[in-house]
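There are 2 protein chains.
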Amino acid sequence: MLEQKGDLTSFRPDIKVVDCTLRDGGLVNNFEFSDDFVRDLYKANVAAGIDYMEFGYKASKEVFDPKDFGKWKFCNEEDIRAVVGENNTDLKIAVMADVGRTDLNDIPPKSESVVDLIRVATYIYQIPAAIEMIEDFAKKGYEVTVNIMAISTASETELDLALELLGKSSANVIYLVDSYGSLFPEQMCRLAEKYLAVGEKYNKAIGIHAHNNQQLAFANTIQTASIGISYLDATVNGMGRGAGNCCTELLLGFLRNPKYKIANIFKFIEKHMVPLKKSGVTWGSDIQYIITGQANQHPRAAIAFTAEKRTDYSKFYTEVTAYE
Amino acid sequence: MLEQKGDLTSFRPDIKVVDCTLRDGGLVNNFEFSDDFVRDLYKANVAAGIDYMEFGYKASKEVFDPKDFGKWKFCNEEDIRAVVGENNTDLKIAVMADVGRTDLNDIPPKSESVVDLIRVATYIYQIPAAIEMIEDFAKKGYEVTVNIMAISTASETELDLALELLGKSSANVIYLVDSYGSLFPEQMCRLAEKYLAVGEKYNKAIGIHAHNNQQLAFANTIQTASIGISYLDATVNGMGRGAGNCCTELLLGFLRNPKYKIANIFKFIEKHMVPLKKSGVTWGSDIQYIITGQANQHPRAAIAFTAEKRTDYSKFYTEVTAYE
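Protein sequences appear in the order of chains A and B. At position 25 of the first sequence the residue is numbered 25 (our numbering), and the sequence of numbers has no breaks. At position 318 of the second sequence the residue is numbered 318 (our numbering), and the sequence of numbers has no breaks.
Next comes chain A alone, as it looks inside the complex:
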């Protein structure tokens, strides 16, 4: 086990908090956030000292029809600028680019964009395609991070090979991702040691993106942070696909860096998250997500169960764990 880095009465300046509310939360409401919501979230993040704010996906309009989604599925440059102007703040702007669902021609040189960071999301079998994207974005002048998704169902040998390839790439940060919310802290810490060793070898930071199926998103985030992971993804109120994510308001309560000002997040929750939830937008830990998390499965069955307002948990448990 790696030594603990830092302690509860000081802080590590290498730690960065990455707000993913619009991007992961957009998976819940089809990216249909009001302009007010987005503008106030930006202001709250700036005031709270958040390091990065992810506005959404940079999705290909060849693959997805803009008529079917809110604008943050595509993150047009002018839409981001309508919120942030020239972004003369300490908050950096991020967007996510999925392998196979992004048009590289949509990404201008950094000199023409207010975006600072592009986050590449890849499955393990797409690593060569991910590396093409990473190199393109890095050459254009962006910071680049890479999320390897669904590692809880990948072979450890393949994961080791993927990490070596990404270590040699131009990515600045490699993310440990618990896509299904299936991993316990002892497993996350073992994986974190693997990622941190590659980070050490190739001089890269390591990030974490956790899901809350087993009410472990916050715990997994702070436990892996305590052994050296430094890019910490969070969303306000934990808003995100299915069981959601690590809550920003929990994470800021743990971090001791005085630049983080949690009260701004509470204000935002009160003004925007309470009415959003009242309007019927639903996410967060619940029995159906526990069941898919324990079964190490994508939560799509649980999301459908939620949408149908089912509560027959024992039938769902039998369905999800069926062997045939």
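A hint or two may mislead.
Which copy? The list can't say, so a pair holds if one copy fits it or any two copies do.
PhoX-like cross-link-like pairs, simulated, lysine-lysine; straight-line CA separation at most 25 Å [said to hold, decoys possible]: (1) Lys-140 to Lys-110; (2) Lys-309 to Lys-267; (3) Lys-315 to Lys-271; (4) Lys-194 to Lys-5; (5) Lys-309 to Lys-277; (6) Lys-194 to Lys-277; (7) Lys-309 to Lys-278; (8) Lys-278 to Lys-315; (9) Lys-315 to Lys-267; (10) Lys-110 to Lys-139; (11) Lys-16 to Lys-43; (12) Lys-259 to Lys-315; (13) Lys-71 to Lys-261; (14) Lys-5 to Lys-16; (15) Lys-43 to Lys-259; (16) Lys-315 to Lys-277; (17) Lys-315 to Lys-43; (18) Lys-261 to Lys-315; (19) Lys-16 to Lys-110; (20) Lys-61 to Lys-110.
None of these hints come from the bench; they were simulated from the model. If you're wondering where the values come from, they're calculated on a predicted model, not measured in any experiment.
Using the hints provided, position chain B relative to the given structure of chain A.
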């Protein structure tokens, strides 16, 4: 840091799961459970392989008027027997006895009772009174455990002294309790090491009772279990005071002992917890409990905030963290 004990593909036979749904959950609904609820919970616990089921408090009728509470505040022998008969099962029956709120004359010799375990709950300043109770119950033939409450606001020196006294007592198990849900896993593990050292010295098991203010009840339970804590408190659906407890359905998904059968818990949730929540009984992680947890305070202000259906979190944050 202590070595990990056990691993994720085997199991430790010393681990016991203690269901506290009626006792800690009773703090939410004034112990007014239907007879059906209690009978089905007993059956579900037996079928699920749970080791102990806590029925409620053994509260003094001098201190509390039975007219003001459901019957599980008092746990009369005949009320327990109406549910369990002679309890010819592997499930053991527990009740809680608060220092200063229990009449020792209400506790018959074990030979006259179907109760197996009495759980003494004490503040650190009440330890001598707690020890009187422990010795009385042990002499009467019961298993005895002791919970030291609110340790996150006690001095570590006093805690060390208290643990030594309890180590020399007849208690079988000493419980590490995070009353305010304020402790992070690294703090809980540091405390667990302290308790485990006393347990080692005096040949006692150590238990954990966690609260979910910061969504850490499950994480704190399994992290401290992984270094040797063996009595694990949980409640179905996490039902309990304020933010609630470690969920039985999460804990059984972590433990690998084949005697635990999680499907029975899902069935119980479907039949009883869904309607209970619909009827307006409220518990579980929410912003107000995060705020009192972060502030290391009793959740009573957050419970009142919840009862008043307030959502002005930033005002509440200012109230709770006021210096004057």
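Going through the hints against the structure:
Within a single copy, Lys-140 and Lys-110 get their C-alpha atoms as close as 6 Å, which meets the 25 Å cut-off; across copies the closest is 77 Å, which misses it. For the homomeric pair Lys-309 and Lys-267, the shortest alpha-carbon distance between copies (17 Å) is at most 25 Å, but the shortest distance inside one copy (30 Å) is not. For a Cα distance limit of 25 Å, the shortest separation of Lys-315 from Lys-271 across copies, 12 Å, qualifies, whereas the shortest one inside one copy, 38 Å, does not. For a Cα distance limit of 25 Å, the shortest separation of Lys-194 from Lys-5 qualifies both inside one copy, at 16 Å, and across copies, at 22 Å.
For the identical chains of this complex, Lys-309 and Lys-277 are neighbours both inside a copy (15 Å) and across copies (15 Å), given an alpha-carbon limit of 25 Å. In this assembly of identical chains, the alpha carbons of Lys-194 and Lys-277 never lie at most 25 Å apart, being 38 Å within a copy and 43 Å across copies at closest. In this assembly of identical chains, the alpha carbons of Lys-309 and Lys-278 lie at most 25 Å apart whether taken from the same copy (16 Å) or from different copies (13 Å). Proximity of Lys-278 and Lys-315 under a CA criterion of 25 Å is satisfied inter-copy only: 20 Å between copies versus 28 Å inside one chain copy.
Only between protomers do Lys-315 and Lys-267 lie at most 25 Å apart by alpha-carbon distance; the minimum there is 9 Å, versus 40 Å within a single protomer. Proximity of Lys-110 and Lys-139 under a CA criterion of 25 Å is satisfied intra-copy only: 9 Å inside one chain copy versus 77 Å between copies. In the homo-oligomer, the alpha carbons of Lys-16 and Lys-43 lie at most 25 Å apart inside one protomer (18 Å), although the nearest pairing across protomers, at 49 Å, exceeds that limit. For the homomeric pair Lys-259 and Lys-315, the shortest alpha-carbon distance between copies (21 Å) is at most 25 Å, but the shortest distance inside one copy (48 Å) is not.
Taking the shortest alpha-carbon separations for Lys-71 and Lys-261, neither the intra-copy value of 29 Å nor the inter-copy value of 46 Å comes in at or below 25 Å. In this assembly of identical chains, the alpha carbons of Lys-5 and Lys-16 lie at most 25 Å apart only when taken from the same copy (15 Å versus 33 Å across copies). Within a single copy, Lys-43 and Lys-259 get their C-alpha atoms as close as 15 Å, which meets the 25 Å cut-off; across copies the closest is 52 Å, which misses it. In this assembly of identical chains, Lys-315 and Lys-277 lie within 25 Å of each other by CA distance solely across copies; the values are 20 Å between and 27 Å within a copy.
When the C-alpha separation of Lys-315 and Lys-43 is checked against a cutoff of 25 Å, the pair qualifies only between copies, where the shortest distance is 19 Å, while the shortest distance within a copy is 45 Å. With identical chains, the CA atoms of Lys-261 and Lys-315 are at most 25 Å apart between copies only, with a shortest distance of 15 Å across copies and 44 Å within one. Proximity of Lys-16 and Lys-110 under a CA criterion of 25 Å is satisfied intra-copy only: 21 Å inside one chain copy versus 57 Å between copies. For the identical chains of this complex, Lys-61 and Lys-110 are intra-copy neighbours only, at 21 Å inside a copy versus 73 Å across copies, given an alpha-carbon limit of 25 Å.
Checked against the numbered hints above, the structure violates hints 6, 13; every other hint is satisfied.
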